[in-house]
Amino acid sequence: MAERVRLDVALAARGLVESRAKAQELIRAGRVRVDGAVVTKPSHRVGPEATIEVRGPAPYVGRAAHKLLGALAAFELEPAGEVWADVGAGTGGFTQVLLERGARRVYALDVGHGQLHPRLRADTRVVVMEGVNAR
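In the UniProt record's numbering, the protein residues as written are 1 to 135.
Everything labelled a hint here was simulated from the structure, so no lab data went into it. Certain hints may be false.
Under the rule of at most 27 Å between Cα atoms (straight-line distance), these lysine-lysine pairs were calculated in the DSS-like manner [said to hold, decoys possible]:
hint, residue 1, residue 2
1, 41, 22
2, 41, 67
3, 67, 22
Start from the sequences and build out the full structure, keeping to the hints where you can.
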């Protein structure tokens, strides 16, 4: 009998999500079904024969996007046509929202390397600055 693995691990291993962290986010949000039933625990064990479905597209590359959406609304900010900096960009949730809202250019700074989502990295409006400590 084949070994059962955590649902978040299975999602990433099957290529249904970009990372385990993204898998955990989608599972907790109730967007993952195993054999037709919604599962909300990333630690749920599944076998290789399990049918796993992810419902709906993931709208943002990172959870930070939701925070920025709230801040833009609360402070009545409009990124369109402006130059912005995403300090601590990580996967680029803030950067993605700024671009979707019409930012002219976004400087994506992070002390780490290789974290920014490939789609954002390829966008000509994004200036990737890795290995930068903003302090």
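Going through the hints against the structure:
Taking the CA atoms of residue 41 and residue 22, the gap is near 13 Å; set against the 27 Å cutoff, the hint holds. Only pairs whose Cα atoms come within 27 Å are accepted, and residue 41 paired with residue 67 is accepted, the gap being roughly 23 Å. A C-alpha spacing of about 16 Å is found between residue 67 and residue 22, which places the hinted pair at or below 27 Å, so the restraint holds.
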